[in-house]
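Q: Assemble the whole structure, with the sequences as input and the hints as a guide.
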Amino acid sequence: MDLYEYQAREIFQQYGIAVPDAETADTAREARAAAERLGGRVIVKAQVKTGGRGKAGGVKLAADPPAAELTARQILGMDIKGHQVHKVMLARPAAIDAEYYISYVLDRAAGHFLAIASAEGGMDIEEVAATRPQAVARIPVDPRAGVSETTAAEIAAAAGLPPATAPVLHRLWRALTDEDALLVEVNPLVRTTGGDILALDGKVTLDDNARFRQARWGDRAGAHDDPLEAAAAAKGLNYVRLDGEVGIIGNGAGLVMSTLDVVAGCGARPANFLDIGGGASAQVMADALATVLDDPGVRSVLVNVFGGITACDSVADGIVTALDTVRLTKPLVVRLDGNNAARGRAILDARAHPLVQQATTMDAAARRAAVLATDVTAV
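Take the sequence shown: its letter number 132 is residue 134 in my numbering, and every next letter is one higher.
Worth flagging that the hints you see were computed from the coordinates, not collected in a lab.
Glycine residues also receive a C-beta, built at the ideal position from the N, C-alpha and C atoms.
Don't take each hint at face value.
Here are the simulated DMTMM-like pairs of lysine to aspartate or glutamate, each with C-alpha atoms no more than 25 Å apart in a straight line [unchecked claim]:
1) Lys-332 <-> Asp-315
2) Lys-205 <-> Asp-315
3) Lys-237 <-> Glu-38
4) Lys-51 <-> Glu-122
5) Lys-51 <-> Glu-12
6) Lys-205 <-> Glu-231
7) Lys-332 <-> Asp-365
8) Lys-57 <-> Asp-109
9) Lys-89 <-> Glu-32
10) Lys-62 <-> Asp-210
11) Lys-83 <-> Asp-245
12) Lys-89 <-> Asp-209
13) Lys-62 <-> Asp-4
14) Lys-237 <-> Asp-144
15) Lys-62 <-> Glu-38
16) Lys-89 <-> Asp-109
17) Lys-89 <-> Asp-210
18) Lys-57 <-> Glu-101
19) Lys-51 <-> Asp-144
20) Lys-332 <-> Asp-351
21) Lys-51 <-> Asp-315
22) Lys-83 <-> Glu-38
23) Lys-205 <-> Asp-144
24) Lys-51 <-> Asp-339
25) Lys-89 <-> Asp-263
26) Lys-83 <-> Asp-315
27) Lys-83 <-> Asp-209
28) Lys-89 <-> Glu-12
29) Lys-89 <-> Glu-122
30) Lys-237 <-> Asp-209
With beta-carbon atoms standing in for the labels, derived distance ranges [claimed, not checked]:
31) Thr-179 <-> Ala-344: 49 to 57 Å
32) Arg-146 <-> His-355: 27 to 35 Å
33) Ala-112 <-> Ala-137: 39 to 47 Å
34) Gln-86 <-> Asn-211: 24 to 32 Å
35) Ala-97 <-> Leu-330: 51 to 59 Å
36) Pro-165 <-> Gln-136: 15 to 23 Å
37) Ser-260 <-> Arg-213: 38 to 46 Å
38) Ala-235 <-> Glu-129: 32 to 40 Å
39) Ala-233 <-> Gly-256: 20 to 28 Å
A: Encoded structure:
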């Protein structure tokens, strides 16, 4: 479960990580009152569980309480990557001298955590990581050994961070382990002109498997802020919305994750993760297609199924029946492999839907779906 920034801030404070004075508001009038209490000049920040708020206009400086009220009115109700803003956080601005990036994240494949840190934090940290990977330190952390004060100092030195950031790295690790988190991130961690170290923004992802140990988040653990994710959950679908244009449906989490990677390698962005699991009945396929097609950002859909216990002809029957109940408005690329794949392809050929195409390999299907999503002339 992802936490909102203001909730991550609560955790940071609990573990002795300094943050600017801040308050939350659900209305523009509340934002004005909060700005008055905070001294007038504030940063107004949309509270949504997605990145890119600043570039989307969800983070703005307000010079005084009336401006804070007007800014909050503009931000509240905004749609940021499919997430509607229902709450804003108002924070006292900091005089920034330098920005850094620090995080701990679980590396499932390697079986340990990674400390990721850089002396170049801020909104463009992804670009820094992509264009100058040497500027980002990635240090494996054995969860049994953890991060001592000495280890924290070593991480800071490896990333070129000042020694004053080491206590934050140590406390952030304590927060990760005590709160059963999969990710804790501070971006940016700043040094102010007065020499203070402050966490200006934060992200925390908690492990849903540890809900029984984290009772204070229990009532919020099952909430879905994205309406498509909420609708999919109500239908029993394992759906996560992403920021892309190729809708993806597959059977099995591993296959779906691989499909996301292959689509990205073909120059397109996955629009979602949707795992239909072992069942591909007509109703499941109809629900899956309807969910993916409800995303206005989707420009093509890729169904990638490997037939095992559920045979490919049953999947094809489900797709054909679903096409009779769901209005297909975007091109659909289907790759069937495994048990009864030839029979499944024949069923789709016989249906001959003008927007349905087939491919025999995952690479070919991903390439075709990527082309259809990025080149309007290819449809």
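Q: Going back to the hint list, which numbers does this structure go against?
A: 2, 3, 8, 10, 14, 16, 19, 21, 22, 24, 25, 26, 29, 32, 33 and 37
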